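Respectively, the protein sequence lines represent chains A and B. Last residue of the first sequence: number 621 in the working numbering, and the count goes up by one each step with no gaps. Last residue of the second sequence: number 688 in the working numbering, and the count goes up by one each step with no gaps.
Bear in mind the hints are in silico, worked out from the structure with no lab data behind them. There's no promise every hint is true.
Stated by the list, open to error - Beta-carbon label-pair distances, calculated as ranges:
| # | chain 1 | residue 1 | chain 2 | residue 2 | range |
| --- | --- | --- | --- | --- | --- |
| 1 | A | 69 | B | 241 | 18 to 24 Å |
| 2 | A | 238 | B | 596 | 14 to 20 Å |
| 3 | B | 675 | A | 619 | 50 to 56 Å |
| 4 | B | 392 | A | 171 | 51 to 57 Å |
| 5 | B | 675 | A | 249 | 49 to 55 Å |
| 6 | B | 236 | A | 167 | 38 to 44 Å |
| 7 | A | 249 | B | 255 | 51 to 57 Å |
| 8 | A | 25 | B | 185 | 47 to 53 Å |
If you're wondering where the values come from, they're calculated on a predicted model, not measured in any experiment. Think of the CB as a built atom: it goes at the ideal place given N, C-alpha and C, for glycine as much as any other residue.
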Amino acid sequence: MAVRAPNATAATAPALESTTERPSRWLRAQIAPARTAVTAHIGVGLFDAALIVAQALLIAWIVHAAIIEKTPLSALMPYAVALAGVFIGRALCTWARGAAGAWSAQAITASIRQRLYRHVAALGPSRLQRYHSGSVASTLVEQVEALEGYYAHYLPQMVLASLVPLALIVVVFVLDPLAGALLLLAVPLVPLFMALIGMRAERRAQAQQQAINRISAHFLDRLRGLATLRLFRAGERAAADVERAADHYRARSMEVLKVAFLSSAALELISALSIALVAIYVGFSLLGFLEFGPGPQLGLFSGLAILILAPEIFLPLRRFAVCYHDKATAVGAAKEITQLLAEPVPRELSAAEWCAQAVAIREPESGLPIPNPVAVAFRGVSVTFPTAPAEATEPADRPAEGQASTAMVGLRDLDLRIEAGERVVIRGPSGAGKSTLLHLAAGFLEPTRGEVRIGDALPPGGAGVAWVGQQPWLFHGTIRENLLLADPLAAAAPLSEAHGGEDEQRLWAALREADLEAVVQALPQGLDTPLGEGGYGLSGGQASRLALARAVLSGAPLLLLDEPTAGLDPASAERVLKALARLADGRRTILMVAHDAAVHAWGERIVVIEHGRLVEDRRA
Amino acid sequence: MRELLPFLKDLKAERGRLALGTTLLIVSLLAAIGLLGLSGWLITAAAVAGLSGLALEVYRPSAGIRFFAIARTVARYFERLVHHDAVLRALARLRGQLFRALAPVPLPRLARLRRSELLNRMTADVEALDNLYLRIVGPTLAAAVTIVLTVGVLIVLTGPLGWTVGAVLAIGGVLLPATAWRLGFPHGEAIDRHLPALRGAGVDAVQGLAELRAGGALERQERVLMRAAHGLAQARARAQRLTGLGDAAVGLLGHAALLAALLSGIPLYQAGEISGPILALAALAALAAGEALSALPGAWQQLGRTRAAARRLLELQRGEVVDEAATSAGALGAASGPTVRTGPTGTEAVGPDATATPAPSTAPAAGAEAGPREPAAAAAPQTALPIRFDKVDFRHHTYAEPILEQVDLHIAAGEQVVVYGPSGSGKSTLLDLIAGFIVPQGGTVYLGERASTAWPEAERFGALGYLTQRTELFADTVAANLRLAAPQADDQALWAALQRVALDQRIAANAAGLEAWVGEGGAQLSGGEARRLALARVVLTDAPVVLLDEPFRGLDDETAATVCHRLEPWLQGRTVLIVSHAPEAAPAHQRRLAFETLQRGSAAAPL
């Protein structure tokens with residue numbers, strides 16, 4: 002296990018720099034896992050350009066031969082067949098580009114998401130506290146999804162938009178230098194308009210997205226409060242209000258769109274006028290009106306070929322403009338992602354540490370693990386928290402009213418030794434640093450000074466500790482899945498593996514320990530009852546007891562509880578404490594933060610903390 | 082397709098704009114075809130004339146080319162503006178309609194809807210509908226008209242060549258979107274199915290991080306997350322490959338039309354039936370006409386999702402809401418009661434602060450201080466009503482422990498009652514039952530002479546001033562939040578209400594005053610301030626029956642005492658039921674009942 006120095010965060014400084022660079026550069030640097038796919042995508046696009054040239058030449062030749070040379074159709078059939086082949090080839094190219102885009106996007110986003118998840122996991126709950134939990138989850142899910150278009154469309158199209166037009170102009174140049182020069186004249190306009198599109202398209206995409214987001218947010222806000230609106234008999238007024246607000250945002254976004262659509266109109270105008278000019282120039286040359294330049298040498302073949310190539314020169318640029326919003330979306334997402342990745346991690350958790358220590362001894366009948374209690378020692382521990390940067394704190398994340406703020410509080414020179422098998426209650430006013438103490442013991446947090454020891458080792462970063470928070474988290478899934486989550490026997494097994502009778506027995510035994518057996522037995526689907534959104538809602542006390550059952554299964558020798566009875570009615574709280582008492586059999590060391598007097602009576606040792614200092618330590 | 086009809090009908094109001102937009106789209110498509118076709122004609126005619134030494138009138142064709150070039154761009158620009166405007170207008174109206182349609186949903190179900198993801202999904206569904214006209218109906222209509230017109234011109238000019246090109250475009254134009262729609266349907270559905278799974282895994286990973294680390298389950302959760310992500314990516318990749326296939330096929334269609342034009346045109350030309358320039362014009366026009374179809378396969382591929390969105394919205398409108406909660410093991414409880422956070426939207430379980438030290442006796446201290454600023458005596462309320470619980474049973478769901486058993490309770494008209502008990506014990510259910518937010522499993526709750534559920538909702542709510550457990554403020558101004566209760570109230574009345582809850586100075590301190598923005602869910606106010614703003618809103622209702630759920634939650638003792646004192650004259654003459662964890666704060670004349678004794682029916686002796 003790596004030893005953590007207090008200045009361990011400094012060691013990760015270079016990594017910090019590399020992730021705070023500009024989002025677009027960061028985005029480009031992420032293609033590594035799909036370099037082949039991106040290269041293939043661009044390669045196919047270039048091959049398609051070659052086919053475009055072949056197609057233009059073949060069509061021009063067939064028309065020229067038929068009209069000027071009066072070649073019979075039968076003699077032209079080989080060319081027609083070749084043209085059909087080129088068409089099929091182009092169709093294959095289009096299909097292949099779509100597939101390559103999907104492939105690269107999938108590979109890149111998967112790699113980013115995995116890295117992000119591991120980073121979040123290594124940061125742990127303490128460091129994530131200053132983020133809105135919803136925003137971290139959305140970064141992990143939605144923001145990573147938002148990168149897809151960048152790799153599937155934008156990036157390859159950007160390369161193609163700069164290469165293909167030039168390559169096609171070279172071909173036109175060979176056919177007729179003056180027509181080539183004419184199109185080349187349009188090219189300096191292109192970077193100009195690209196820049197214009199860059200800014201305008203971004204603004205357009207943002208304005209439109211913002212309008213839609215605002216309309217939706219307003220709609221959702223009123224929809225969520227519909228019961229309240231009805232309570233005040235304001236439903237009809239609110240409906241009119243929803244319409245009015247939506248119309249207001251529409252009017253505002255239309256103002257922006259009016260200007261923003263101009264940029265694509267300009268690009269289209271350049272394209273259309275170039276085609277028109279080339280057509281008129283070629284026509285006049287063929288009529289012999291133009292005595293200068295290469296005009297007189299121009300024939301129907303080269304004239305038609307140029308005409309067919311002209312729109313194709315501008316097509317990649319127009320496609321690029323279309324997928325520009327992919328970039329705007331991705332840059333916004335990348336900002337969120339890099340901000341989270343820049344959050345320093347004291348040390349990487351290795352996979353070996355993640356696995357809970359193997360539990361050797363189990364009760365023969367129930368299969369429940371018998372833990373070996375450990376002592377916990379805090380030696381001269383101080384914790385200071387840096388003040389959070391303004392952008393990291395989400396203003397929208399106001400804790401539910403009546404709930405204590407979850408902000409962490411520091412500790413000063415704390416010396417405390419908890420013997421193996423002791424059950425200790427930590428008391429103190431809100432904001433005294435009680436939770437910080439618990440997070441230190443779990444290893445979610447490292448002391449700024451001093452050291453924390455579990456047994457004779459450093460805190461394990463969470464693993465091997467049973468954690469029961471104020472509002473235990475129930476995972477999307479069944480009761481069984483929620484229980485097995487902490488079970489070292491299940492951790493090794495694949496997720497989908499069928500559960501044998503031994504598992505079944507162990508789970509029921511754990512539920513019995515936590516006083517939940519009867520509740521689960523009464524459910525028609527028993528252990529396989531789905532929990533969470535759209536599923537069965539356990540009451541607060543039942544959820545706390547489920548968390549205790551998890552703790553039993555984990556076999557963890559150290560049980561950390563953060564106000565497990567807060568917000569519970571007295572009867573429920575009593576049941577939780579009773580279940581907890583069964584676990585306090587000397588086989589586990591228990592640390593519990595609590596306010597309730599009932600809980601204080603339960604502890605055999607009371608530790609009081611105020612303003613980050615230990616002020617009282619007595620045995621009950 | 083029937084599910085789309087109502088939404089297409091909704092678009093009728095915008096038919097002027099939509100018709101204009103679609104016409105502009107047709108003009109721009111025709112101009113593009115004209116540009117390429119006429120250019121081909123000019124070049125070929127010039128080449129033929131140049132060789133034969135004949136004169137050619139070039140000014141009108143070249144003017145036509147320039148006209149088409151400009152018309153294409155201008156028409157396209159205005160088409161975009163008109164279409165976006167029309168669709169945003171239609172969506173604004175659609176939101177209003179949906180809102181009205183949801184308004185009569187029974188309240189208990191509304192509480193369940195609020196908990197589920199349904200409302201979020203509904204918002205996304207409304208957005209998905211802009212796809213319907215902008216990407217599907219408009220372009221399809223425009224493509225059809227454009228192709229018919231182009232083929233018509235070709236038939237006039239070339240006869241059989243036009244028919245051949247027309248046949249190719251017609252077959253392809255029908256087959257491609259239809260195939261894209263059929264093949265795309267399962268992909269859209271797969272994406273819709275995988276997205277919530279991924280979101281769930283993401284929320285679990287972050288919210289349950291402490292549990293995951295403690296349980297050594299980080300790797301397991303990583304597998305769950307990555308598997309969900311992989312499932313979604315696979316579904317997306319399949320959809321994207323299909324889009325690629327559609328693009329390839331539509332490209333091939335334009336090329337096939339060109340080839341058909343050449344193969345059928347060359348013999349016609351060589352037989353002298355059409356001229357060379359017309360042959361070139363037909364070939365290039367056929368190629369360009371294929372492009373009118375280019376956006377269709379991709380759009381039709383999305384039709385499945387659009388339809389699913391439309392179907393869900395219609396179900397909501399008709400009230401056939403699929404109650405996901407009810408289909409699994411047990412229905413979730415209604416609006417109140419502590420439940421465990423299981424999603425991004427936490428419930429409002431009462432935290433440790435709520436169980437803080439009881440407030441000291443209020444009357445003397447606050448009386449001396451607040452006397453001079455006492456607002457004018459409240460207007461006499463409508464006739465106060467009695468409240469009666471008759472053997473009421475309530476539990477949140479079938480398997481939950483009962484919260485109320487055989488509860489009898491009588492509150493006389495004009496009487497003030499405080500029900501006290503620890504946080505989380507279910508006191509709020511009493512108030513929710515009176516308001517009809519939830520329905521008892523047994524017994525009856527009477528409001529006046531009638532059962533609460535027998536009242537028409539508007540009348541019942543007209544008689545109630547209810548401060549709910551949850552502080553519900555809207556993303557709007559202070560004034561707008563207050564006027565929900567009294568739309569006609571003038572600023573003076575609003576200030577008076579704010580004064581009663583001791584919030585007037587706080588609001589006045591802000592430069593924007595009553596027009597200050599409250600923010601989403603009252604985010605710009607502290608918990609206690611938001612609570613008082615909600616209380617001021619109840620004061621503005623002037624209702625004869627007042628239900629207050631923990632009115633002083635989040636307030637410090639001093640403020641709570643001030644508010645309690647200033648509220649007192651207003652409460653006079655109304656039937657009042659307050660639930661609180663700290664009964665000590667209640668004035669002496671209020672009857673106090675312990676919830677624990679009331680809960681099991683026996684001890685609550687009716688008056």
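Results for each hint:
1. 69/A - 241/B: 18 to 24 Å: 23 Å, holds
2. 238/A - 596/B: 14 to 20 Å: Because 18 Å falls inside the window, the suggested range holds.
3. 675/B - 619/A: 50 to 56 Å: 34 Å, violated
4. 392/B - 171/A: 51 to 57 Å: At roughly 53 Å between Cβ atoms, residue 171/A and residue 392/B fall inside 51 to 57 Å, so the hint holds.
5. 675/B - 249/A: 49 to 55 Å: 51 Å, holds
6. 236/B - 167/A: 38 to 44 Å: Check passed, 41 Å falls within 38 to 44 Å.
7. 249/A - 255/B: 51 to 57 Å: Violated - the Cβ-Cβ distance for residue 249/A and residue 255/B, about 41 Å, lies outside 51 to 57 Å.
8. 25/A - 185/B: 47 to 53 Å: Check passed, 50 Å falls within 47 to 53 Å.
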